[in-house]
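Chain order of the listed sequences is A, B, C and D. For the first sequence, the UniProt record's numbering begins at 1 and goes up steadily by one. For the second sequence, the UniProt record's numbering begins at 1 and goes up steadily by one. For the third sequence, the UniProt record's numbering begins at 1 and goes up steadily by one. For the fourth sequence, the UniProt record's numbering begins at 1 and goes up steadily by one.
By construction, these hints were calculated from the structure, which means they are not laboratory data. Be careful, since some hints might not be right.
Note that identical chains are pooled: a pair holds if it fits in a single copy or bridges any two copies.
In silico lysine-lysine, BS3-like type, Cα no more than 30 Å apart, as pairs [stated by the list, open to error]:
no., residue 1, residue 2
1, K82, K40
2, K133, K40
3, K127, K82
4, K82, K133
There are 4 protein chains.
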Amino acid sequence: MHPERTESGCDEIARSARIWLIRRGVTAEDIAELVYVLQKDYIPGLTRDECLENVEHALSKRDVQNAVLTGIQLDELAEQGKLTQPLLAMIREDDRLYGCDEALATAIVGVYGTIGLTNYGYIDRLKPGILRKLDDRRDGETHTFLDDIVGALAAAAASRIAHRRAAVRV
Amino acid sequence: MHPERTESGCDEIARSARIWLIRRGVTAEDIAELVYVLQKDYIPGLTRDECLENVEHALSKRDVQNAVLTGIQLDELAEQGKLTQPLLAMIREDDRLYGCDEALATAIVGVYGTIGLTNYGYIDRLKPGILRKLDDRRDGETHTFLDDIVGALAAAAASRIAHRRAAVRV
Amino acid sequence: MHPERTESGCDEIARSARIWLIRRGVTAEDIAELVYVLQKDYIPGLTRDECLENVEHALSKRDVQNAVLTGIQLDELAEQGKLTQPLLAMIREDDRLYGCDEALATAIVGVYGTIGLTNYGYIDRLKPGILRKLDDRRDGETHTFLDDIVGALAAAAASRIAHRRAAVRV
Amino acid sequence: MHPERTESGCDEIARSARIWLIRRGVTAEDIAELVYVLQKDYIPGLTRDECLENVEHALSKRDVQNAVLTGIQLDELAEQGKLTQPLLAMIREDDRLYGCDEALATAIVGVYGTIGLTNYGYIDRLKPGILRKLDDRRDGETHTFLDDIVGALAAAAASRIAHRRAAVRV
Chain A
1 MHPERTESGC DEIARSARIW LIRRGVTAED IAELVYVLQK DYIPGLTRDE
51 CLENVEHALS KRDVQNAVLT GIQLDELAEQ GKLTQPLLAM IREDDRLYGC
101 DEALATAIVG VYGTIGLTNY GYIDRLKPGI LRKLDDRRDG ETHTFLDDIV
151 GALAAAAASR IAHRRAAVRV
Chain B
1 MHPERTESGC DEIARSARIW LIRRGVTAED IAELVYVLQK DYIPGLTRDE
51 CLENVEHALS KRDVQNAVLT GIQLDELAEQ GKLTQPLLAM IREDDRLYGC
101 DEALATAIVG VYGTIGLTNY GYIDRLKPGI LRKLDDRRDG ETHTFLDDIV
151 GALAAAAASR IAHRRAAVRV
Chain C
1 MHPERTESGC DEIARSARIW LIRRGVTAED IAELVYVLQK DYIPGLTRDE
51 CLENVEHALS KRDVQNAVLT GIQLDELAEQ GKLTQPLLAM IREDDRLYGC
101 DEALATAIVG VYGTIGLTNY GYIDRLKPGI LRKLDDRRDG ETHTFLDDIV
151 GALAAAAASR IAHRRAAVRV
Chain D
1 MHPERTESGC DEIARSARIW LIRRGVTAED IAELVYVLQK DYIPGLTRDE
51 CLENVEHALS KRDVQNAVLT GIQLDELAEQ GKLTQPLLAM IREDDRLYGC
101 DEALATAIVG VYGTIGLTNY GYIDRLKPGI LRKLDDRRDG ETHTFLDDIV
151 GALAAAAASR IAHRRAAVRV
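Starting from the given sequences, assemble the full structure and let the hints guide the process.
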C-alpha cells in the first residue's frame with residue numbers, strides 16, 4: 001500500500017538526521033562542545049563525554065529528527081535557489097522578521113521540558129564554537145535554520161543533564 | 001547591497017501569502033466559515049462578515065504570513081517530489097509522528113495569545129468545511145501543512161473575536 | 001544551607017502530583033479512559049491497560065508534575081478565595097480571555113513532542129468522561145487549571161502510544 | 001449574576017498588572033532599559049522613549065497582563081509561605097527543574113511572534129539592569145516568576161520594535 005513507508009522507518013529517519021547534520025558541517029561533538037560551554041560553570045565535574053552522551057540522546061528523539069530534516073532541507077533548497085520568492089529571499093538573508101526557524105527550534109528544545117528555553121536563546125546570541133562558524137558563512141551558504149537547530153539541540157541536551165543530575169542527587 | 005530585499009518587502013510578503021493560499025484552493029471566506037462554525041454557539045449575533053474581518057487581520061500578521069509561505073512551499077515541493085527522502089515520504093503521507101506542521105501552526109495560533117490553542121486542536125480533528133475538502137485529497141495532492149495552517153488561522157481569528165468582544169463589553 | 005531541598009526531592013514531587021490529582025477527584029484511570037476515547041479508532045487492539053501505562057509514564061515526567069502542582073494550587077487558592085483580585089475572579093470564573101491554563105497545559109502536552117497538540121484541543125472541547133464531571137462543577141468548585149491539565153495529560157499519553165507503536169512496527 | 005465580573009474588566013486588569021509590577025519593584029522604565037541594552041547595537045538611532053513606548057504596548061496586551069498577575073501572585077504567596085509543599089520549596093528556591101516560569105514567559109514573548117524567543121533567553125542569562133537587582137534578592141524575597149516575566153516583556157517589546165522598523169523601512 002505505502003511502499004514509501006518502509007523507507008521512512010524510524011532507523012532511516014534517525015540515520016538521515018545525523019548524516020544531514022554532518023553534510024552541513026556539524027558533528028555531534030561540535031554540539032557537545034556547546035553543551036559544555038553552557039553548563040561547565042554550573043555542573044561540577046561535567047565532562048565532554050557526558051555532554052556527547054546527552055546530545056546523542058536528544059538526536060534519538062523523533063521530534064528532533066523531524067525538525068533537523070525539515071530545517072536543513074529548507075536551508076539547502078534556499079542555497080540552491082529552489083524556493084519561491086519571497087520565501088527564498090527571507091530564508092537566504094535570515095530575515096530578522098522570519099521566525100519559522102525559531103518555531104522549529106522550540107520543538108527541539110521542548111523535548112526535555114521548558115527549562116531549556118533560556119539556554120537556547122543565550123547560546124543563539126553568544127554564538128560560541130560551531131555556531132560562530134555557521135554564522136561566518138561564505139557567500140552562497142545558507143544556515144538560517146541550521147544555527148537555530150544546533151543551538152536548540154545543545155540547549156535540549158543541557159536540560160537532560162540537569163534532569164539526570166537531579167535524579168541521581170536526591 | 002541586498003537586491004533581493006526590495007522583493008521581500010512587507011507588502012510583497014502579505015500579498016504572496018494570500019495568493020499562495022488561493023493557489024492551494026483556500027479563500028479567506030473558507031477560513032471565515034470555519035471561524036463561524038467554531039464560534040456561533042458562543043457569540044450572540046456573530047456574522048460571517050465579522051469572521052472574515054478577523055481572518056483578514058490574522059492574515060496581516062507577519063508571523064502568520066511566514067508560516068503560510070513556509071508550509072505551502074513544503075507541501076508543493078513534496079507534491080512535486082522535490083524533497084529528499086525520508087522527509088519526502090513523511091510529508092507526503094502526513095506521517096503521524098511528523099509534528100513540524102503542528103509546530104508552525106502553533107506560531108500562527110499564538111499571534112492572539114494562548115486561548116486559541118484548544119480551538120485549533122478541535123477544528124483540526126472535526127474537519128468541517130474546507131478542512132474536509134483538503135483531507136479528501138485526490139491522489140498526488142499534499143496538504144500536510146496546509147490543513148494545520150488553515151485550522152490555526154481560523155483559531156487565531158476566533159481568539160481575536162473573543163478579545164475584541166470583551167473589550168467592547170466592559 | 002537549603003533544608004527545604006530534602007523535602008522537594010524527585011520522589012516527593014512525583015508522589016505529590018498523584019496525591020493532589022486524587023484530592024481533586026482525578027485518578028490515573030480517569031485519564032487513561034480519555035486516552036482510550038481519543039485513540040481507540042486509530043490504534044487496533046488498544047487496551048485500557050496500555051493507556052494507563054502511558055498515563056503513568058507521563059506522570060513520571062518532572063515537567064508534568066510541576067504543571068500539575070502549580071495548576072491545582074491556583075485552583076485551590078481560588079476556591080478558598082485566597083488569591084488577589086482581579087486574578088481571583090478570572091480564575092474562579094474560568095474567564096475566556098485567561099490563557100495561563102493553556103500555557104501550562106502546553107508544557108504538559110509537549111513532553112512527547114508537538115503531535116499531541118491537536119488531541120489536547122479536541123478533548124478539551126469534547127469533554128468526555130472525567131472532563132465532563134469537572135465541567136459540571138458544583139458551586140464553589142474551581143477547576144480552571146485542572147481540566148486543561150487532565151486533557152493535556154491524556155493528549156501526552158496518546159502521543160507516547162503513537163511513538164511507541166511506530167517504533168515497534170518498523 | 002457574576003458580581004466579580006465588573007471588577008475584572010479589561011481596564012482593571014491592565015491597571016493591576018502595572019501596579020503589581022511596581023509593588024514588586026519593577027517600573028516600565030526598568031524594562032525599557034533592558035530593551036535598549038538588547039537592541040541598541042542593531043537599531044540605529046534607537047531611543048529610550050521608543051523602547052518605553054513598546055514596553056507600554058506589550059503591557060496593554062491581555063495575555064501579558066494575565067501572565068504578570070499569575071506569576072507575581074505565585075511569587076508573593078511563596079514569599080509569605082502560603083503555598084503547599086513541595087511546590088513552596090520549588091518556587092522559593094527557584095529550583096532548576098521547575099519550568100512553569102518559563103512556560104508563562106513564553107506566553108508573553110509570543111504576543112509579537114516567535115522572533116523574540118532568543119532575546120528572552122539571552123537577557124535571562126545575562127541579567128543586566130533590573131534583572132541583576134531581582135537576582136541579588138535579599139533573604140526572604142522570591143522573584144522566581146518575576147525575573148522571567150520581566151525578561152520576556154523586554155524581549156516582546158524588542159520584537160515589536162523590529163516589526164515596526166521593518167514596516168516603516170520598506
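Hints, one by one, checked against the model:
no. : hint       : verdict
1   : K82 / K40  : neither (41 Å within a copy, 35 Å between copies)
2   : K133 / K40 : both (21 Å within a copy, 24 Å between copies)
3   : K127 / K82 : within (28 Å within a copy, 32 Å between copies)
4   : K82 / K133 : both (24 Å within a copy, 29 Å between copies)
Checked against the numbered hints above, the structure breaks only hint 1 and satisfies the rest.
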